Amino acid sequence: MSEQHHPDYKKIYIALVILLAISVAGPHVGLKWLTLITAFGVALVKANLVVENFMHLKWEKVLAKWVLGTSLVLMALFFAGVSPDVMEHKGDRWVNNAAIAAVARGIPDEEEAAAQEPGAEEAAAPREAAAAAPPAPAFKAEEQFKQVCSACHGLEGKGNGPGAASLDPKPANFTDPAFWADKDDATLVKAIREGGASVGKSSAMPAWGSLYNEDQAKQIVAYLHTLKGN
Amino acid sequence: MHKPIATTRSATGIPTGRLAVWWVLASEIVIFGGLLASYVMHRIGHPEWAVAASHTNTWIGATNTFVLLTSSFTAVLAHQAAEHGDGKTAAKYLLMTIGGAATFITIKSFEWAHEIREGFTITANGFWSFYYTAAGLHALHVIAGAVVMAFIARDAMKGRELHRVELVGIYWHFVDVIWIFLFPLLYIAK
Amino acid sequence: MAHASATEAHAHEHATQEHHGPQGILKYLWSTDHKVIAMQYLFTGMFMAMVGGFMAYVFRMQLAFPGKSVPLFGYVSPGEYNALITGHGSIMIFWVAMPVLIAAFGNYLIPLMIGADDMVFPRINRLSYQIFLLSVLVILSSLFVKGGGFGGAWTSYPPLSANADYNLTPLGSSMWLVAVALEFVAFLLGGINFITTLMNARAPGMKAYDIPMVPWMIVIASILFMLSVGPLFAGAIMLFFDQNLGTGFFDPTRGGDPVLWQHLFWFFGHPEVYVVLLPAVGIVIDIVATFARKKLFGYKTLLYTAVATGVLSFFVWAHHQFIAGIDPRMANIFTVTTLLISVPIAEMCFVIIATLYGGDIRLKVPMLWALAFVGEFLIGGVTGIFLGASGADAYLHETYFVLAHFHYTFFPIAIIGTFAGFTYWFPKMFGRMMNETLGKIHFWGTIIPFNFIFIPLFVLGLDGQQRRIYNFQNFPELQHLQPVRILATISLVVMLFFQLFFFWNVIRSWRKGPKAEKNPWKSNTLEWTTESPPPHGNWPVDEMPKVYRGPYEYNHPDREEDYWPQNLPA
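Residue numbers (our numbering), protein chains in the order written: chain L, 1 to 230; chain V, 1001 to 1190; chain F, 2001 to 2570.
Calculated from the structure, these hints are not laboratory results.
Among these hints, one or two may not hold up.
[Said to hold, decoys possible] Straight-line C-alpha distance at most 30 Å; calculated BS3-like pairs for lysine-lysine:
no., chain 1, residue 1, chain 2, residue 2
1, L, Lys158, L, Lys218
2, L, Lys10, V, Lys1092
3, F, Lys2546, F, Lys2440
4, F, Lys2300, L, Lys65
5, V, Lys1088, L, Lys58
6, V, Lys1158, L, Lys10
7, L, Lys61, F, Lys2027
8, V, Lys1003, L, Lys61
9, V, Lys1108, L, Lys11
10, L, Lys65, F, Lys2207
11, L, Lys158, V, Lys1108
12, F, Lys2207, L, Lys58
13, L, Lys170, L, Lys201
14, V, Lys1003, F, Lys2207
15, L, Lys90, L, Lys11
16, L, Lys170, L, Lys228
17, L, Lys61, F, Lys2207
18, F, Lys2207, F, Lys2146
19, V, Lys1003, F, Lys2027
20, L, Lys190, L, Lys201
21, L, Lys32, L, Lys65
22, V, Lys1003, V, Lys1158
23, F, Lys2515, F, Lys2546
24, F, Lys2300, F, Lys2518
25, L, Lys158, L, Lys190
26, V, Lys1003, F, Lys2518
27, L, Lys65, V, Lys1003
28, V, Lys1092, L, Lys32
29, F, Lys2512, F, Lys2364
30, F, Lys2207, L, Lys201
31, L, Lys11, V, Lys1092
32, L, Lys90, L, Lys58
33, V, Lys1003, F, Lys2300
34, L, Lys228, L, Lys146
35, L, Lys58, L, Lys32
36, L, Lys146, L, Lys170
37, V, Lys1088, L, Lys11
38, F, Lys2300, L, Lys61
39, L, Lys58, V, Lys1092
40, V, Lys1003, L, Lys10
In this text the structure is predicted, and so the values were computed from the model without any measurement.
If we strip away everything but chain L, and leave its shape as in the complex, we get:
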């Protein structure tokens, strides 16, 4: 049992507090690799000190180490198996459009934030992270139409996409002059961003406002105009 062993708890406590100071001081040097070491390397050392001495794992039967070690290994396995799908947004013959769009949406905000706090020390790290990030893909209305809208409206905008079969009323046919007779661009932008129901049309048309901002919706409408003649 653990009666026979007593590390000097006070020494360990002081060591922990010093390590804490190091991990807080780390980012102030401004080197990314150093921050990672002082943050996670020090955390590992601290955790080890607590587990070995305060939890007395150093003197516990080996069985307990196996129990805890197994669960840690399983978490490493979980990370290894899942991160190729979640951490990466593009792989061998697959693309995660939603995640790429989310990154693209976030980056301009970052520049604004950096502009608002010029010289703020904390802003150094995010800028660096942004530099490492892939550049935001340019917005292409045609690409978006073919990836998102075409599910119902069809690749050529005739309202005959795979999803159209089960819909009533049928999705809009952009090649039909009758469609364009009673609609202006503002209505279409509103329909794209707030859904069909917002302009008195079918509620089967979802609201895409979270995917496209006002300007992007306008570009999509401009693309729709090019379908008219087909």
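With chain L's structure known, arrange chains V and F on it following the hints.
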């Protein structure tokens, strides 16, 4: 309630209560592990989260780390006293540990209130969702530990069930270790 | 050790004075006795099995006779259909297979088979059942709230499950999630109890290789459960926030990733298959050795294959996601590991067959169930090979082939395994013998229709029939398969009818079956050395068993009798 004979046996050589605590910790490791692994892979995949992360307050985080480290220290002193059969001192140190837990939660609630006023709510961005979920789950563990410690301190005061001081101590150090990792993940690695 | 035996003696004194517990009706509701808690789990599980079976009956009737009113239920709306298949799947796995195979048999048998008087933490055990009961109430009431029960299948994939605008069940989906989380908590508490009990509370003299297979398997299963459920538990919290606070962990329109949920779910979901399989294998092994009157062929082989299955089960989860858009390179890896895991499972079957070979086989009802388990599970295992190969899976995924495959694994596990164990330990649990004739009628009345339900579903799946479709009249190209669907449904009704023989048999035997002696099957393990049913504390305090040998010493050459109980001194 009497103790079954089964509880007093120890074929592994580890007392039954402590063996169970190790298994509890294993199950906690996979709960926090799943959450934090999900966070880390999202964080690496979303460089834009660094913007949100830069708004967390390192000094508050560091203060809370200090509070938890100190409470871990008092918890281990309580265990030391309990080993010597000194229930009163053990209870005193346990109460100090509960005080640490209360300080931690108080600081945390001021920190969160401030952040929510600034508009950084749980729905603001993926980073903040993970921030509140992970720290909130950890805070629940802090509260649960404090409640259990209060019961054990009451028993220890009368010199009863002193081995439980060690068990709750092991759990408490584990809560501390989780925070040791949450601190760099949420506050430092910006 | 001197200290430990002193406390044991002290506990003995206490035990003689206080081994009573609460009286009256509270004895059954508030007891900490592991046998009473096992009965609570068993009967709750059986009740939930009836609920789940009724759900299967309703949606099978809808599929066979679409648009007609179902007797005892009425017209099935599309939303109700979704709630029924979701409820059937969740209930049969979380509220039937787990409580019966792990909690009921585990609670009843682990202390008895290792010679202990109770679980090491009786009050945590009681708390475990109470939380489980709460989860039962939540899942049942979720079917009747506004908007109806959750209809997103037992896998609960987001974004369908994460957003009430999509699933149209704002309350039902959250209640489903809460019920599942509560159930996890109950089994974590129970699992810690099982593991610690087996590790620490074994009878004097019982070494690791003297433990019968049932406790081993239930404990390995509990460890698997405990180590796999954590990420899903975290995921459940995240999904709950997605549903109720509007976060976007799994919602791609808010920057989340729905595939992450699939990983979190199947990291638990696949080991879960082995969590329920292993206890059933343990039960079958014990029965086979007893009724073949032969020493188990390869005790250590079986134990190591069980551990190997457990370890490998953590490396295969993504084979459920081959067509979910995961990285194809990962799919290659997971194909290999999935095909690998059939090796230890096949080895288990060989151990059973080798034990039977040359044995003095007695075809009592428990033995029939045990043999049926092996035969039917093999079909489930072999069809799994097709699905484990990512290329074939691209065609077969989400068809009735998958459905038939996992019913050929889960039905032997949860139903056949349970009946095997129940009929085998019924004399011990209730102190009466069951009727053999009724038992055999029930056996054949279950096994034959079972195959007539699910073999047709393989055919449907190979013809490309998709799962989770409310009404196949909307698919003209699948119209010609309607007779096959009707055959499966009629077989289900026949099978459900034959369950009446089981209930009749239980009630009749319980009331006036012949009294069971201590050891009616002439078995070796410790539970047969005490009274039937065992008293509180299992053995008199001064007669706690000691163990001298392994559990499967049948027809030992040094001994006249063909069995050799573990507690007899050499």
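query = So which of the earlier hints does this model not fit?
reply = 3, 7, 11, 15, 18, 21, 28, 30, 32, 33, 35, 40
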